[in-house]
Structure formats: structure tokens, C-alpha cells
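Colleague: So the chains spell out like this:
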Amino acid sequence: MIAYVMGVLPFLWQGLLVTLTVSALVVASSLVTGILCGIGLVYGRWWIAWPIRIYSDILRGTPLIVLIFLIIYGLPLLGVDFGNYGSAVIALTAFKTAHVAEIARGAIQSIHFGQTDAGKAIGLTFRQRLQYVILPQAVRRFLPPWINAVADAVKGSALVSLAGIVDLTLAVQQVIGRTYDPLPMYLLGAAMYFIINYSLSLTSRRLEARFAYIRE
Amino acid sequence: MTYHFNFNFVWRYADKLYWGLVLSLEIALISILIGMVIGLSLALAYTGGNRWIRSAIAAYVEFIRNVPLLLLVYLVFYGIPSAGGFAYDALTSFIATLALYSGAYLVEVFRAGLDAIPKGLIDAGKAVGLTPWQRFIHVRMPTMFRIVLPSLSNVYVSLFKDTSLAYVIAVPELTYGANWIKTNTFRVIEVWIVVWPMYLATCYALIYALRLLERRFSLVRR
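From first to last, the protein sequence lines stand for chains A and P. Numbered according to this note's numbering, the first sequence spans residues 846 to 1061. Numbered according to this note's numbering, the second sequence spans residues 11 to 232.
Simulated from the structure, these hints should not be mistaken for laboratory data. Take the hints with a grain of salt, since some may be wrong.
[As the list claims (entries may be wrong)] Only pairs whose alpha carbons sit at most 16 Å apart, straight line, appear in this in silico EDC-like list of lysine to aspartate or glutamate:
no. : chain 1 : residue 1 : chain 2 : residue 2
1   : P       : Lys-171   : A       : Asp-1026
2   : P       : Lys-171   : A       : Asp-997
3   : P       : Lys-171   : P       : Glu-36
4   : P       : Lys-192   : P       : Glu-36
[Claimed, not checked] Not the full set, but computed from the structure, chain A residues with beta-carbon under 7 Å of chain P:
no. : residue
5   : Thr-907
6   : Leu-915
7   : Tyr-918
8   : Gly-919
9   : Pro-990
10  : Lys-1000
11  : Gly-1034
Where a beta carbon is used, it is the ideal one built from N, C-alpha and C, also for glycine.
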């Protein structure tokens, strides 16, 4: 049993690396786009805020797997082809952007408007107010749900296996295709996902407790 | 060379999409009903239980919440029967998976709901001489369900979207119908262009209907 697990471990490790790479790409790019969209939602004129609102509502009402297939088959139609891997990462990022935007919007709106007024009163410009007053406070409201969203991204990345990318889930499937012994492999795969995501959710909870002192 | 859209094949097999959508909604409904039984019993067991019961429930919740649903679907459909030497059909297996999955989320929802019942209501129940069982049935349960209704509808909509994963074990729901048309007619993008708005429209119709329900049963009447 131990020899068997040791034998498949290098293969699963390759899959895990792909899962981690995809998740990291998605998390990093959606962090940037998501925060920009979040700021746009709160402070943008209607011609900025509305498109973002519509985008976010459409994306959050679409099953992730449908979005992945739409982008994999739809992008080449528009004349751009990033391959399955690139398209899957784009799909996951587009999806995660909507979630991060909502988290950022919530975090910014949770800061009392008196803070903005105070910033205005001492003559800060919009950028200064964001930079020195709003964002430093909002980041504490942003972090705990965002880390949960990161764990969600790791879980969501399992869907790239359906597009033929050999991530941890597909690596597990392929090992089972050889050994015909599904249960131990699925449990091993589940354990690997669990370790990553559980440590993330513990971090999130700890941060939440750490920042709980901030009240209105 | 430009691509020529051809939706004829999609319309020809539209019944696969239509019945797929109906099945998706049914799967989500049955799963959340079973999930609610699991969630409520475990939430009650958690509140009244000792340390061992609590850690067992927490282990179940954390395991389900931290593993991708796709892997859980495989685990239940391929993994568990292979060890037990029995088999169940794909639909049963998927509903079981989704019920266990929603159950783990609903434990937390119900636990928060039980905590949020105003103490004064329970005291009022005691004051008019209700037994603990009567307080449970007539005071705690109705109040809790009204408190958790918004969370329940969120879970339902999200479960409806998650039914799209059932296609990996060939449950003939909406995404499976889409894949069937795709592999049999090669009108790939047309299928997804039709299926995408079907999911979207259903999601928002569900949200709208559930909001009406929430307003009807909201604790604070407006």
C-alpha cells in the first residue's frame, strides 16, 4: 500500500503543481481586475458602474463549467486562440473577477461615509482619500472573505480537468485509469485539496478574529 | 474564412435542453430538501451535543467545504461503490453527493439561524406554559426558518448552478444535453450560446421568485 502510494505520488505532484499554478494565475490576475471593478462599482459614474454591475451579475449567474466551455470554444471564433490552458485560465479569472469585485465593493462600502467626509474636509483629493483613508481600512474587511475566495479558486480549478488539462483531479483520474482502484486515489486527491484549502480557511478565520475589533 | 452559425441542430434537439433544465431544477430541489434534513439535524446535534459529536460534525463540514465538488462527485459515484461492491445509478449518486454537499453548508446556516432566535421569544413561550417540545415546534422552528430563508434561497440557486457538474457522470441534465448535442452535431458554439442564457434566465427567475417568498415570510413586515 505504501509502495503503491509512493509510486503514484510523483505523478500526482505534477498534477498538484498545475492546480497550484492555475490557481495562482487566477488569484493574482483576478485580484487586480476585481479590485479595479470594485472601486468602479462604488465610485464610478453610471457608464462605468453599470457595465461592471451587468458583467458581475451575468458572470455570477453562469455555472463555471458553462463559462469555461463558452470561452474555450468562443474565443477562437473571435479570432484569438490561447489554447485550452489559456482559455481555461481566462474563464476562471473572468469568473473570479466578479466575486472579488463584490468583496471589494462590500469592503469599501462598509467604511463609514464620515471617513470620506473627513478626508474631504482636510482637503484630500480623491486619490489621496482612497490611498490614505478608505483602502487601508477596507483592506481589513476585504482580506478574510478574499482568502475564502482564494480557496474557492483552488476548488474551481478542478474544473479545468474537464477541458483536458492534467491538474490534480485529472492526474487522480489517470492513475485510476491504470490501477482500477478508485477509492484510495480519490481520498488521496481529496486530502491534498483539503490540506491546501483548510489552511486557507484557517488563515481567513484567524484574520477575521484579528480584525474583529474594527467596529462602526 | 468566416464561421457560419447554424442553430438548426440545436432547435432540432431542443427537447434535450428543455428536459435537461427541468431535471436540473428537480435535482437541486430534491438535494436541498435532503440537505435541509441533514443540516437541521446536525445543527441541532451540534448545539446540544458533547465534544465528540461536535468534532465529528465539524470534520464532516470541513471535509465537504474544502474539497472540490467535482472530486466529491467522482468519489461518491466511482470511489465508494468500488469499495463496497455495490452500485447505484448516476442520478441517485449525484443527488446523494449534492445533498451531502448542501448539508455541510446548511449546518452552518441553521446553526446561525438557531443562534439568531430572539431570547425573548423563547421566554415568552415559557411564560405562556409551552412545553420544550411545543416551544421547538411552534416557536423556535418557525422563527428560525424565517431567519434563514434568504440563505436557503442562495444555497438553492447555487445548487442549481452546481447541477451542471452532473454531466461528468452522464446524468441527463442541461449541461449533459448541451454536450450531447455538441458531440452529435458538432455545432459546438451554437449549443453553448443557447444554453448559457438558459442558465442565466433560470437563475434570475429563481432569485426573483425566492425574493418574493422572502418578503412574504420576512420577520419584519414592511
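Colleague: Would the hint on A:Leu-915 stand, with a C-beta cut-off of 7 Å toward chain P?
Modeller: holds, 5 Å
Colleague: Does A:Asp-1026 lie within 16 Å of P:Lys-171 when you go C-alpha to C-alpha?
Modeller: This hinted pair is violated, its Cα atoms lying about 30 Å apart.
Colleague: A:Gly-1034 was flagged as interface toward chain P. Is the shortest Cβ-Cβ separation under 7 Å?
Modeller: holds, 6 Å
Colleague: Mind checking the alpha carbons of P:Lys-171 and A:Asp-997 for me, to see if they're no more than 16 Å apart?
Modeller: holds, 15 Å
Colleague: So, as I understand it, the hint says A:Thr-907 touches chain P; can you test that by seeing if any CB pair is closer than 7 Å?
Modeller: holds, 6 Å
Colleague: When the nearest CB of chain P is found for A:Gly-919, is that gap smaller than 7 Å?
Modeller: holds, 6 Å
Colleague: Hint validation: A:Tyr-918 versus chain P, beta carbon distance must be below 7 Å. Holds or violated?
Modeller: holds, 5 Å
Colleague: Does the CB of A:Pro-990 sit less than 7 Å away from some CB of chain P?
Modeller: For A:Pro-990, the interface hint is violated, since the closest Cβ of chain P sits about 14 Å away, which is over 7 Å.
Colleague: Hey, does the A:Lys-1000 contact hint survive, CB to chain P under 7 Å?
Modeller: Holds. Min distance 4 Å.
Colleague: Are the Cα positions of P:Lys-171 and P:Glu-36 separated by 16 Å at most?
Modeller: holds, 12 Å
Colleague: Are the Cα atoms of P:Lys-192 and P:Glu-36 separated by 16 Å or less?
Modeller: violated, 24 Å
This entry does not satisfy hints 1, 4 and 9, going by the numbered hints stated previously.
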